[in-house]
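Peer 1: These are the residues of each chain, in order.
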Amino acid sequence: MKFYYFHLMPYPMEHDEPSSWVTLSNRHYDPEVGHTLYNQYLDQFEHAERLGWDGVCVNEHHQNCYGTMPSPNIMAAMLARRTTRARIAVLGNGLPLRENPLRIAEEIAMLDVVSGGRIISGFVRGIGPEYYSVGVNPTHSRDRFYEAAELILRAWTEDGPFPFDGRFYRYHWVNPWPRPLQRPHPPVWCPSQGSTETVEWAAKRRFPYLMVFTPISRIAQIYAEYREACERFGYTASPYQLTVNLPIVVAENDAKARKIAQENALWVYHTGLRIPIPFWQPPGYLSEGSFRRAMTSRPKLPTELTFEDLEEGGYIIVGSPATVRDRLRVFSDELKAGIVCSGMPAGTHEATLDMMEMFAREVMPHFREDAHVDETAGVGR
Amino acid sequence: MNDSPVTVPAERRLSVRGTPIHMRSAGNGPALLYLHGAGAGGRWLTFQERLAERFTVHAPTHPGHAGSPAAEWIEHISDLAFHYLDLLDEQGLERVHLVGASFGGWIAAEMATMASHRLASLVLIDPVGIKVDGWIYPFLFAMDLPQIVSTVFHNPMAALALAPRDLSSVDGLVEIHRERAALARVAWNPYLYDPLLRRRLGRIAAPTLLCWGEHDRLAPLACAEAWAQEIPGATLRTFADSGHAPHIEEPDAVAAAVVEFCRAREGAR
Numbered sequence: 000m001k002f003y004y005f006h007l008m009p010y011p012m013e014h015d016e017p018s019s020w021v022t023l024s025n026r027h028y029d030p031e032v033g034h035t036l037y038n039q040y041l042d043q044f045e046h047a048e049r050l051g052w053d054g055v056c057v058n059e060h061h062q063n064c065y066g067t068m069p070s071p072n073i074m075a076a077m078l079a080r081r082t083t084r085a086r087i088a089v090l091g092n093g094l095p096l097r098e099n100p101l102r103i104a105e106e107i108a109m110l111d112v113v114s115g116g117r118i119i120s121g122f123v124r125g126i127g128p129e130y131y132s133v134g135v136n137p138t139h140s141r142d143r144f145y146e147a148a149e150l151i152l153r154a155w156t157e158d159g160p161f162p163f164d165g166r167f168y169r170y171h172w173v174n175p176w177p178r179p180l181q182r183p184h185p186p187v188w189c190p191s192q193g194s195t196e197t198v199e200w201a202a203k204r205r206f207p208y209l210m211v212f213t214p215i216s217r218i219a220q221i222y223a224e225y226r227e228a229c230e231r232f233g234y235t236a237s238p239y240q241l242t243v244n245l246p247i248v249v250a251e252n253d254a255k256a257r258k259i260a261q262e263n264a265l266w267v268y269h270t271g272l273r274i275p276i277p278f279w280q281p282p283g284y285l286s287e288g289s290f291r292r293a294m295t296s297r298p299k300l301p302t303e304l305t306f307e308d309l310e311e312g313g314y315i316i317v318g319s320p321a322t323v324r325d326r327l328r329v330f331s332d333e334l335k336a337g338i339v340c341s342g343m344p345a346g347t348h349e350a351t352l353d354m355m356e357m358f359a360r361e362v363m364p365h366f367r368e369d370a371h372v373d374e375t376a377g378v379g380r
Numbered sequence: 000m001n002d003s004p005v006t007v008p009a010e011r012r013l014s015v016r017g018t019p020i021h022m023r024s025a026g027n028g029p030a031l032l033y034l035h036g037a038g039a040g041g042r043w044l045t046f047q048e049r050l051a052e053r054f055t056v057h058a059p060t061h062p063g064h065a066g067s068p069a070a071e072w073i074e075h076i077s078d079l080a081f082h083y084l085d086l087l088d089e090q091g092l093e094r095v096h097l098v099g100a101s102f103g104g105w106i107a108a109e110m111a112t113m114a115s116h117r118l119a120s121l122v123l124i125d126p127v128g129i130k131v132d133g134w135i136y137p138f139l140f141a142m143d144l145p146q147i148v149s150t151v152f153h154n155p156m157a158a159l160a161l162a163p164r165d166l167s168s169v170d171g172l173v174e175i176h177r178e179r180a181a182l183a184r185v186a187w188n189p190y191l192y193d194p195l196l197r198r199r200l201g202r203i204a205a206p207t208l209l210c211w212g213e214h215d216r217l218a219p220l221a222c223a224e225a226w227a228q229e230i231p232g233a234t235l236r237t238f239a240d241s242g243h244a245p246h247i248e249e250p251d252a253v254a255a256a257v258v259e260f261c262r263a264r265e266g267a268r
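These protein sequence lines are chains Z and E, in that order.
For the first sequence, numbering that gives the first Met the number 0 assigns the number 380 to the last residue and increments by one with no breaks.
For the second sequence, numbering that gives the first Met the number 0 assigns the number 268 to the last residue and increments by one with no breaks.
Simulated from the structure, these hints should not be mistaken for lab results.
The reader is advised that the hints may include incorrect statements.
[As the list claims (entries may be wrong)] What the simulated footprint calls covered on chain Z by chain E, stretch by stretch (three residues with Cβ under 8 Å from a Cβ of chain E suffice, anywhere in the stretch; the number is not a length): (1) 104 to 115; (2) 271 to 280; (3) 290 to 303.
[What the hints assert, rightly or not] In silico negatives: residues of chain E with every beta carbon more than 12 Å from chain Z: (4) R12; (5) G17; (6) W134; (7) I147; (8) A160; (9) R177; (10) W187.
Beta carbons: idealized from backbone N, C-alpha and C, even for Gly.
Chain Z with its partners taken away, still in its complex shape:
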């Protein structure tokens, strides 16, 4: 199994506002605190590489205290120079949110060339509230996503210049310098919440599928759909096409781990993802079929989840090294997920570094049968 260190770069704070996104006033953001946080978070990424993590993951979100990386490519740029081995996964750029997606092709290519071909390029649509922050019409979200993805992939793989005349994006000359170092292009991943259309789209292109903050029962269901789609497209999915993203809290014993998790892991769900329903559901963001499916299964809102829901539902892994190993086996052996992206909500910076060390020492080595396998070979392109 491959391990990627994931960070939201939150601005951890408590507040009584109805939303942590879009409308939570940025007067709450203290840049002096932000300076410390950003640098601690970047230190944690560098620590992850030293401890043996295979990759580090950054991501794009706008106007919230949940994750303060409106430009993931800027964070990836810093990591490209401060790491030497780990893959840098941008999970991802919000393609439909850009007016000029060619800029993504350019920036990812820059990162890939500087990093010596270590970039993984996530393509995402952005979550609901992003459309309230950016102003892009959510009814165009899916079509803009497909069109921008096609444009970027062609820009990376075809010799320029060529014209592109789409519904949303039009250029007389597509000809970005530089070209990416990895051939034919950096691996593309699709972090998603399981919409039928995205599963099909990703499976068809061998793009790894990443389930973010999802209960294990739903992960199993979506993986099955993805695998089935891959078979229909004439191939068998590699384990490295199936990635899970969940927080892990490890400590000397279960009781201590649970205490740490109760204090730190709930914040993301109860505060970070406190989002009013209209922001979750911008009009037309989901197709009618996906919306119907979501309303039929009615998953709990993050703010409704109790700690027991998180633990029992498999949203997070909490426990002693032995317990964490057992829980991870469910993902590696039963779900056959090849990659785990996880952050470690330990509380302080120092506690996080310690927890990462314990994980690297007592958990990771038990999952290294595939240490010499390149997880990006043949997938993501």
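Using the hints, position chain E against chain Z.
Peer 2: The following block gives chain E in isolation, referenced to the frame of chain Z:
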């Protein structure tokens, strides 16, 4: 509100240049096309009933609204205006009184800039659709239902007229999802206006009545003044006990004003 019984005419399914919609028609007299506001499609209320006493009222449902299927080809408000000009052609309605409320008023105003000669008169009830300096329409897409009701209605109880929709079933939620998407396709950004429309309002040659709720919090009276200024010879009538939907809050008074205005224009032909 008037509580005399309303006889709801049967809903017909038609195809307008291949786009399927639902439409209710009833009444006697000259033809009147009524374009509903967002969230009010498919309903036949006291207002329509009163108009039907003097006119043959045709009340279609916008694509994607109230059970009419979504139409993927609609990308701009002018697409809806052409859609209704197509409907007039296909129904053989050479000349109509055109009445539109809120979002329907926006579509009606776009139609009037294109084809005033098809209109015996134009009635706009608290329309949206133009940019008014110093005013930003409250963003309904970010609101939950109670917030929407308190923004749109002066008397929140009036919203009950639009209530009988099943909020508990998946089908009911999907219908709302479809309707929000249909509105957002043409109204998300710029929100509730067409930057090109305001200058074009000067083209409207049909006699025009503006009806406005004095307590409109979505498009306040300052908006009414802008419309009255741009449409040549427009008459403005305000309604003291209404918010954004006077035809729902004071249906008898608004219907009486519309009937009086339109009948006078019939006589003048």
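Peer 1: W187(E): least C-beta distance to chain Z exceeds 12 Å?
Peer 2: W187(E) not clear of chain Z: closest Cβ-Cβ about 4 Å, inside 12 Å.
Peer 1: Looking at W134(E) again, its CB stays over 12 Å from all of chain Z?
Peer 2: Consistent with the label, W134(E) stays out of reach of chain Z, its closest Cβ about 18 Å off (over 12 Å).
Peer 1: Residue count check for the stretch 271 to 280 of chain Z against chain E: does it reach three with CB-CB under 8 Å?
Peer 2: With 5 residues closer than 8 Å to chain E, the stretch 271 to 280 of chain Z meets the three-residue bar; holds.
Peer 1: Are all C-beta atoms of chain Z more than 12 Å from that of A160(E)?
Peer 2: About 23 Å separates A160(E) from the closest Cβ of chain Z, which puts it past 12 Å; holds.
Peer 1: Looking at I147(E) again, its CB stays over 12 Å from all of chain Z?
Peer 2: Label violated. Min Cβ-Cβ 9 Å, cutoff 12 Å.
Peer 1: Beyond 12 Å from every chain Z Cβ: check whether that's true for R177(E).
Peer 2: Non-interface label on R177(E) violated, nearest chain Z Cβ at 6 Å vs cutoff 12 Å.
Peer 1: Does the stretch 290 to 303 of chain Z contain three or more residues whose Cβ lies closer than 8 Å to a Cβ of chain E?
Peer 2: holds (count 4)
Peer 1: Does G17(E) really sit off the interface, with its C-beta more than 12 Å from all C-beta atoms of chain Z?
Peer 2: With a cut-off of 12 Å, G17(E) remains clear of chain Z, as the shortest Cβ separation is near 20 Å.
Peer 1: How about the stretch 104 to 115 of chain Z: do at least three of its residues have a C-beta closer than 8 Å to a C-beta of chain E?
Peer 2: violated (count 0)
Peer 1: Should the label of R12(E) as a non-interface residue stand, given a Cβ cut-off of 12 Å to chain Z?
Peer 2: Correct as stated: the minimum Cβ-Cβ distance to chain Z is 19 Å, above 12 Å.
Hints 1, 7, 9 and 10 from the list above are not met by this structure, while the remaining hints are.
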